[in-house]
Amino acid sequence: MADLYLALLHHPVYDKNGAIVTTAVTNMDVHDIGRLARTFDARAFYVATPVPTLHRLVERIIRHWETGAGAAYNETRKEALALVRLAHDLDAAVADIERETGRLPRLVATSAREGPGRLPFASLRRRLGADGPPELLVFGTGWGLAAEVIARADDVLEPIRGTTGYNHVSVRSAVAIILDRLRHDR
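Just so we're aligned, residue 20 is where the sequence shown starts under the numbering used here, counting upward by one.
Hints should not be assumed to be uniformly reliable.
Computed spacing ranges between beta-carbons, pair by pair [stated by the list, open to error]:
no., residue 1, residue 2, range
1, Lys35, Thr183, 14 to 24 Å
2, Gly181, Thr41, 39 to 49 Å
3, Asn36, Asp110, 19 to 29 Å
No more than 20 Å apart at the CA atoms, straight line, and that leaves these computed lysine to aspartate or glutamate pairs for EDC-like [as the list claims (entries may be wrong)]:
no., residue 1, residue 2
4, Lys35, Glu133
5, Lys97, Glu133
6, Lys97, Glu78
7, Lys35, Glu167
8, Lys97, Glu85
To be clear, the hints were calculated from the coordinates, so they are not data collected in a lab. For clarity, every value in this text was computed on a predicted model and none was experimentally measured. Heads up, the beta-carbon is just placed ideally off N, CA and C, and yes, glycines get one too.
Just need the whole structure built from these sequences, with the hints factored in.
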């Protein structure tokens with residue numbers, strides 16, 4: 020089975036005007052996506068931001084739940100947050116995965132936008148079930164991953180489609196929906 024890794028990029032991402040920005044890390048993203056990583060058997064969840072103060076914030080959150088008062092209060096949260104890793108950028112996450120597995124991961128970008136050649140959920144589900152290189156599923160904050168990240172990806176996953184034309188869900192919701200679709204054939 021191919022190993023699954025998750026990354027949440029806070030730079031380079033777009034703001035609502037299409038400018039490339041760096042977004043803030045949120046406590047909820049760290050908690051909820053860490054829990055999703057544990058639930059759906061990801062090897063690790065990378066929080067990628069170039070901002071040193073945000074690294075300290077994430078380290079503090081993790082420390083609280085791994086060794087602080089939170090560790091005794093909620094052991095399942097401790098287990099989930101043990102999967103959270105910090106990275107300065109996508110390159111650092113890729114390098115960490117290569118160090119750990121001895122293989123470069125395939126980069127699979129996510130986007131709410133339609134486009135040609137999108138990878139169907141079923142195709143990635145099959146790849147995850149086969150022996151192959153690690154798969155790094157890359158999510159963006161703000162208004163989505165910058166074009167340079169999309170262009171660098173080996174694949175871009177098909178967008179989530181609801182029952183209407185509206186598909187602007189939070190990144191935490193997108194991660195949950197996508198992981199469920201990748202781990203279960205429904």
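Assess, step by step, whether the Cα of Lys97 is no farther than 20 Å from the Cα of Glu85, and give holds or violated. Distance of about 5 Å is within 20 Å: holds.
Agreement of Lys35 and Glu133 with the hint, judged by alpha carbon distance not exceeding 20 Å: holds, 17 Å
Need the status of pair Lys35, Glu167: alpha-carbon distance at most 20 Å? holds, 17 Å
Using the Cβ atoms, figure out if Asn36 sits within 19 to 29 Å of Asp110. holds, 26 Å
Does the hinted range 14 to 24 Å hold for Lys35 and Thr183 at CB? Holds, at about 21 Å.
Between the alpha carbons of Lys97 and Glu133, is the straight-line distance 20 Å or under? Not OK: Lys97 and Glu133 at ~37 Å, beyond 20 Å, violated.
Would you say the C-beta atoms of Gly181 and Thr41 sit inside 39 to 49 Å of each other? violated, 29 Å
Pairwise hint evaluation, Glu78 against Lys97, where the allowed Cα distance is 20 Å at most: holds, 13 Å
Taken one by one, the earlier hints fail for this structure at numbers 2, 5, listed in ascending order.
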